[in-house]
Amino acid sequence: MQNQLDSINPSETNNWARIEESAHFSKMLKLYRQNKLGSDSFRRFRLQHGAYGTRMTDDYAMVRIKIPAGEIHPNQLIKIAQLCDSFSIGSAHVSTRQNIQLHWVVLEDVPEIMAELAKVGLTTREACGNTIRNIMCSPLSGVCTNEMFDSTPYALALAKFLLRNPLNQNLPRKFKFNFTCCEQHGMARIVDVGLVPIINKSEQNTQQGFKVFLGGGLGNKSYVGHQLEEFTPIEDLLYTSIAVIKIFDRLGNRKNLARNRMRYLVHELGWDEFKKLILKERAIIRVTQSIITNITVNHHKHIQNIPKFNQNTNLDSLAYTRWLKTNTIKQKQQNYYSVFLTLEAGDITSDQLRHLANICEEFSGERLIRNGFSQDVVIRWVHQDHLQMLYSKLISVGLSNPGAMTIASPIGCSGTTSCNLALTNSHRLAKEIQRKLLTLKIDQDDDLKDATIKISGCPNSCGQHEIATIGFYGGGGRSGKNMYPIYQMSLGGRSDDDAMLGVNCLRIPAKKVIDTILKIISIFKKDKKPDDDLKSWINKIVNEKNDTNIRSISDLKKLLLPFTKVPDKTESSDFYYDYGSFDSYHTRTGKGECAA
Amino acid sequence: MKEETLSNITIDPNKLTSEINDHDTRIIDVRSKSDYLQHHIPNSVNLPLSKILSNDSPNHLLTLIQSFGIDDTTHVVVYDNTFGALASRLTWSLSYIGHDNVSLLDVTYDKWQSLGYETNSKIVDFEIKKHKLNINNSILSTINYLEQKINDNKTVIVDNRERLNFLEHHIPNAINIPYKMFASQNKILKNPKELKQIFENRNIKEQDEIITYCGSSGTLSGLAYNALKSIGFKNIKLYVRSFKEWRQQNKKVEKQNNANYWDLSAE
Ligand code: SF4
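Here the protein sequences line up with chains H and F, keeping their order.
Residues 1 to 596 (the working numbering) make up the first sequence, in order.
Residues 597 to 863 (the working numbering) make up the second sequence, in order.
For the record, the hints were derived by calculation from the structure and aren't laboratory data.
Keep in mind it's a predicted model, so treat the numbers as computed, not measured.
This list has only true hints and no planted wrong ones.
Computed cross-link-like contacts, DSS-like style, restricted to lysine-lysine with a CA-CA straight-line distance of at most 30 Å: (1) F/750 x H/36; (2) H/119 x F/776; (3) H/27 x F/792.
What the simulated footprint calls covered on chain H by chain F, stretch by stretch (three residues with Cβ under 8 Å from a Cβ of chain F suffice, anywhere in the stretch; the number is not a length): (4) 49 to 58; (5) 421 to 428; (6) 576 to 582.
Glycine is no exception: its CB is placed at the ideal position from the N, C-alpha and C atoms.
Using the sequences provided together with the hints, build the complete structure.
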């Protein structure tokens, strides 16, 4: 283990850390405990440094480790494993925004964690609070067969530029950037700033640049982003980013907590007006700030050659083929594959993190892993001759579940496992759905593959339910004196180039969610035309373009109505408990810090 | 003087190697008999911890150590292969019956081996010696003692189980310092500076009375006991029957309510 920790050359790795921030945190925490620092000031400070509050308690924090572009090195995985064991619950959590989170950390231990993370170049700085959050980049950037060029170096360079930048310390609200590889993989349209790399070819020259989408986002009210202009050349990436941040900083709503994301500003001003402001601001920045605003883009990438293994593996070939089909994807580089590991709702044990570090050293040509967009991790640059061997390794460490990139890997936010605002245990529900769908081998059905299931534990959308083919958000239902967990279902959400938000369908009691999903699948099977898949079929229904028996949401509702029936408590007490709980259900929330 | 007591809590492999053939030093291996029989540190004797846990009367332990040729002046060194927790439990028991000249090997047996230190499978016998019995009740917490201290703000009750177990239920007013916080990368205990930091961060002071406990037999909390001793805390007690007894006697417990934290665990 020691060797591995030493084997990474720090110059190869981006160093995001500042060692002195740990001692500073410790000092501020003491002042707070001695009542010399008000709880609001401390809270702001704590969030700025990546420590969230935890459900129903002030003694614990959730520590969010920022992983820019999702890139994480083996020595960092091992460090995180140690931290999980010492200070958290023995597991870490991979979030939908490529962060890694440690839950149920004693607040007093946060400085220790920060100090340890700094040793491997990681930071929690600006992972929460009203700052620019982790800059995301598609896990396939650099290897995607559809992409025009690799946006990773730009994502990293922008992250470097913005981290601890005074521009970004007190925004009206959190602010998010997503880079994608192509239109299909990524979430450019549901984020404050989304960037899709494109190449502009004219007769004279070819130019790299981005399609920039502004003002999208999910939440109590969700919006799809607007494209700023046909083409934003690379040279304008930074100017544009700064212009958007500045306009938001200046005009964003600082009073109304519910309407302070940039999408509301765009909505209130109107897109044309907003766009005018941005372009004007950018022009000013371009002439006034050209010197200080260079970003360093590092295009250097070393791919190591991995010797061929000559061990033979004894594999269950059916299981292997199944995994191969759903969890691997061909790279644009010949003979290489990217391998997706599904985790149950993003959870991974400390031991698995250690194994993952070894596996990454052994199999990944780039010797790092990328966190994905769906609470998953991706090992890239795996030579096709090594896939079998890799699979057998993954089996031995419990990371070989099939069904990545299919409907069988649902997303669930943390819900009542740790989030203060949660109304239901969305986290566990996602796990239950996954287990059921894998048992039924639903991941193997090509008709279902592109559909997604995403679950949030409250209307706040951290589980991204609005962009799911079948989405759910939690709430409380009431029957007489008794309460039970229930989910609002939405259908037809998507985040690709036809991005739209799901349309509300029925409210489904928690314990009926799985049955409802299976029923939707069986209705689809009966109703579909040969070319339909579940995603396109549902899209036609929500847009009322289907011309079979199920033409609209209300047709579907009629068939699903039986699942909304509420049994008497004497007849079915289980119905009244949430997943993972044997106490009568009641909604309880604490003060929100929006654990997005 | 202080330096001396501090350095006595643990002993490093180098120093132990120099004492292996020393008549005044006795090495005790608390692993299972079968592990011991395969190989062990030269000149060590085997006392599987289970033997002590199944009969923890002071006289039983006294007879055993006398049979290993330990008298009141012998320097006893204990090791295990379970991050120091089992060894810690024995060192505590030895202190309890009045034998204070005892140290923990500061690495596990696996580490000892991987560092290339000597092992063999020779069984050694020692002449029986006499040892006085001198019970030290000041390092023991009984259930009744602990119960009185629950609401005493000069006493800190420390639960050394893992975080999820603690959240699920614990002795009222206890704080949680999981045993895994004490180890460093290579040693069973972090260096004093790092250990001090853990307690300082929690505003726990050297003069405070500390009672440590864990799941059932005082092993994980035995490690905590030694960690605290190694940084100069003087008033430490081990609640040796730990949470198991507390539960069996239906004492009041506290839990973290309204949160499904177990579902966050990947296991
Ligand atoms: S605030 Fe976010 S994480 Fe918390 S329950 Fe709601 S959607 Fe889930």
